[in-house]
Amino acid sequence: MPVSSLRKSFESASLPAITYLNGLPRFVPFLGILVLALAGILLPSPAELLLVVVIAVLAWILALAWPRLSGAERLMRLAVVAIMVAVLVTQVFPRG
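Following our numbering, the numbering of the sequence shown begins with -18 at its first residue and continues without gaps.
Be careful, since some hints might not be right.
The following label-pair restraints were derived from C-beta to C-beta distances [to be verified]: (1) P48 - T0: 13 to 21 Å; (2) R55 - P(-17): 17 to 25 Å; (3) V61 - N3: 14 to 22 Å; (4) F8 - L43: 15 to 23 Å; (5) L12 - L59: 16 to 24 Å; (6) V62 - L5: 18 to 26 Å; (7) T0 - P27: 29 to 37 Å; (8) L23 - K(-11): 36 to 44 Å; (9) L19 - P(-17): 36 to 44 Å.
It is worth saying that the hints were derived from the structure and are not from the lab. For every residue, glycine included, the Cβ atom is placed at its ideal position computed from N, Cα and C.
All chains should be modelled from the sequences, with the hints used to inform the complete structure.
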């Protein structure tokens, strides 16, 4: 299946950031996302913006990996993004 020019440009634009992340120890990006997510959940408003950053990064990585993922891997990663969106919504619109 041919790769669209939009896909190629997306991958080309992402290459510097991916190259940088690839040069870091594997646990550093994970810890960064974890710290941002926890800070977005635990800190007072407007810390929800940190959750927006987490969702954007996770969605960006998902979009980059999408063509190479199996169906189950796609579902699992989509579920993680959906969970983060649900957490953001509950932070922005608390019950009670």
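Here's how the hints hold up against the structure:
Distance hint for P48 and T0: a CB-CB separation of about 19 Å, consistent with the stated range 13 to 21 Å. Checked against the hint of 17 to 25 Å, the pair R55 and P(-17) passes, with Cβ atoms roughly 20 Å apart. Evaluation of the 14 to 22 Å hint for V61 and N3 yields a pass: the beta carbon distance comes to about 20 Å. Distance hint check for F8 and L43: the Cβ-Cβ separation is about 20 Å, which falls inside the suggested range of 15 to 23 Å.
With their beta carbons about 23 Å apart, L12 and L59 fall inside the hinted range of 16 to 24 Å. Checked against the hint of 18 to 26 Å, the pair V62 and L5 passes, with Cβ atoms roughly 22 Å apart. Our hint of 29 to 37 Å for T0 and P27 holds, since their Cβ atoms are close to 32 Å apart. Between L23 and K(-11), the C-beta spacing of about 40 Å keeps the proposed range 36 to 44 Å intact.
Range check, L19 to P(-17): Cβ separation about 42 Å, and the 36 to 44 Å hint holds.
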